[in-house]
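Work the whole structure out from these sequences, hints included.
In case you want the letters, here they are:
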Amino acid sequence: MALEAKFMEMGAGDILRCAQEHKAAGWRFVQLLCTNTDDGIDVQYSYMKDQLIENWTVKGVSKEDHLPSITGEFLAAFVFENESHDLFGVQIDNIAIDFGGRFYDLAMAEPMTVISPEQKAAREKAAKIAAAKAAKEQQAAAGAPAAGADADLEAKLAGMDPEKAAKVRAAMAAKAKKDVAGKAASADAELEAKLAGMDPEKAAKVRAAMEAKKARAAAQQETEGKGE
Amino acid sequence: MSTFKLGKMTFAGLFKKPETIQYPVQHRFVPEGLKGHIAVDMEHCILCGICMKRCPTHAIEVDKKAGQWSIDRFRCIQCGHCTRECPKGCLTMEPTYAPVAAEKHRDVFEKPAAAPEPAAAEA
Amino acid sequence: MGKATVIPFGPQHPVLPEPLHLDLVVEDEKVIEAIPQIGFIHRGLEKLVETRDYNQFIYVAERICGICAFGHSMGYAETVERLMGIEIPDRAKMLRVIWHELSRVHSHILWMGLAADAFGFESLFMHCWRLRERVLDLFEATTGGRVIFSVVRVGGVNRDISDEQLKQFVDVLDGIKGEYKEICDTFLTDRSVKNRTVGVGYISYDDALAMSMVGPFVRASGVKQDVRMLRNDGYAFLDGFEPVIDPQGDCYARVKVRALEVLQAIDIIEEMIRKLVPGEIAVPVKGNPADGAEACNVLEQPRGECYYYARGNGTKNLARMRMRTPTSQNLAGMTTALAGCDLADVNMIVLTIDPCISCTER
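Residue numbers (numbering that gives the first Met the number 0), protein chains in the order written: chain R, 0 to 227; chain C, 0 to 122; chain Y, 0 to 361.
Derived by calculation from the structure, the hints in this document are not laboratory data. Just so you know, these numbers come straight off a predicted model, no measurement behind them. Check each hint, because a few of them may be wrong.
Interface residues of chain Y toward chain C, partial, derived using beta-carbon atoms under 7 angstroms [claimed, not checked]:
{"hint": "1", "residue": "ARG51"}
{"hint": "2", "residue": "GLN55"}
{"hint": "3", "residue": "ARG129"}
{"hint": "4", "residue": "GLU139"}
{"hint": "5", "residue": "ALA140"}
{"hint": "6", "residue": "GLY144"}
For the chain R half of the interface with chain Y, some residues (derived, Cβ under 8 angstroms), not all of them [claimed, not checked]:
{"hint": "7", "residue": "ARG27"}
{"hint": "8", "residue": "LEU74"}
{"hint": "9", "residue": "ALA75"}
{"hint": "10", "residue": "PHE102"}
The C-beta atom is built at its ideal place from N, Cα and C for all residues, glycine as well.
Written as structure tokens, this is what we have:
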């Protein structure tokens, strides 16, 4: 008899109807939360009965949308509706006890929707790594089977600590240099794409190491060629 | 007139020793796992900087070029996360609290170069 | 027919453990309505998920509140484990339940001391807090901290309790039972306590359901509601669980429910200690939560049901972490209970919801 949780979506017009139906059936109101996403704010209403929790999410609410209040059915929601207004900027009409934006009385308006520059940088880096991983997987699917092993390694690298990833990449690059020139060229191209997502200082170091290795390998190949 | 309900405890309290101790003349028994302050073993530290990345309050700073590991004891919340994340196991939690001070400072430890004892200097 | 005056109550008030402001509309010593105002301790902790990864955030979650510290760290860890699909070893689940129930004992004894202080019985307050010191010593011996423990991690627990420490647990808990029963007796049968609590702040069964209240506050109005009945996680190892309910609905009933819950929690701890299985205490956790994955969890904290929600976004930071604490649900119930009471009873009614405003505002 453990907890069961369900996540479902609904539209903004269904909010009142959902609340009334749940109240009539004897469900309990649990909470109301907002999440800040790239496509607007997700507002989630949770109701609970016995061991089932239903979470109804209204996706993509913008600051101009007016949502109806459910304090008519569940008075306890006034705390969360005022909090949503203060922290996220969601407009809700007819709250039973409405503080008009002075519930938390914050110094900054809607702080949860503010994304700091470091957070933006971190999210962009994650997006680049994910895109590089997807590109690698596409190449691996279309390319030679030998490249498949590379793609697996690349996918693993995308999720690793950048320092370790740089070391592994350097080792992998050294290994790739020993192989056929064409494969080395593709590995280089992949590495360049990955370096685009790395810390610029580290990227410069890795690039310098790569150049040095390339020069050494080229010199070695020349001497070998001359030797033969 | 109701009876004095707390009578038994109050009467027994006349004959028991007090619950409080005379600090700082007497000190309390310190249990073994108490979270007091972080100590570092500089012999085995490789200055990798993982503890600096994992510290939730950014209390630790690792300078690989200068060979220094420093901690701001006033920022440290004694969570012990660094002791578990260190790959060489050179961080431990000691059961004595960091001493009170009039100014905030960092404790800096240097990697021993030739001498075997680590030098601890105030920053 | 008197004139209505508005008396501001709080946020600085000797009886309040946490800053809460109430505007009491009063007519001749009778409170007509009360309008709460919070926001004095909002620290924006939910925004810290953006800069602390999911392993570091547990230390932030613990520090939301001093009394509910273990509850929040355990609830957060369970939610992230559900999000990432991690199954923790049985011994870790049982250890978490032991510490959580001990946290409940601590919280209720602390609350009883504050309630005694609210109606002026200071020596009872001192005795309650003297007993609480024994519980804090137990925490210090097993976790290393008195109030903030840092003993839970995503994937299990950080420390194990040795067999001799378990014996110490049982000894200390048996030791405080004798004195605790005397304190309990005072609360429930003393004439002066009854004068201050019986009939005060009455909330009926139907009102309790309509206000969506949680915790001992609602169990004192006769509603059978306790998350531990769901037998999640570690609570599944218990033989049977019946919540403590009292149908009377006033402050006396709330004191009684909490007083009896302490004895029930001590029984649960002793049962868990007998059933403790040997094994691992943590599993290693690799990887990040998947993008768009959601999980929710409920936990019965000393103050009521606490709801946790987590959403991942593919990186090591969570996209959203939400802790809906029991006091925020009970604020509506508190305003209803305050309507129609005497001005001198406001202290007692505000304290009987066990306000933890730092949890409400994070």
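Hint check:
About 6 angstroms separates the beta-carbon of ARG51/Y from the nearest beta-carbon of chain C, less than 7 angstroms, and the hint is met. Proximity of GLN55/Y to chain C holds as hinted, the smallest CB-CB distance being about 4 angstroms (cut-off 7 angstroms). Below 7 angstroms, beta-carbon pairs count as interface contacts, and ARG129/Y has one with chain C at about 6 angstroms; its hint therefore holds. Taken as an interface hint, GLU139/Y checks out: its beta carbon lies about 5 angstroms from the nearest beta carbon of chain C, inside 7 angstroms.
The restraint placing ALA140/Y at the interface with chain C holds, with a minimum CB-CB distance near 5 angstroms, inside the 7 angstroms limit. Taken as an interface hint, GLY144/Y checks out: its beta carbon lies about 6 angstroms from the nearest beta carbon of chain C, inside 7 angstroms. Taken as an interface hint, ARG27/R checks out: its beta carbon lies about 6 angstroms from the nearest beta carbon of chain Y, inside 8 angstroms. Annotation: interface hint on LEU74/R holds; nearest CB of chain Y at approximately 5 angstroms, less than 8 angstroms.
Proximity of ALA75/R to chain Y holds as hinted, the smallest CB-CB distance being about 4 angstroms (cut-off 8 angstroms). Interface restraint check: PHE102/R against chain Y, minimum CB-CB distance 6 angstroms, threshold 8 angstroms, status holds.
In terms of the numbered hints stated before, the structure departs from none.
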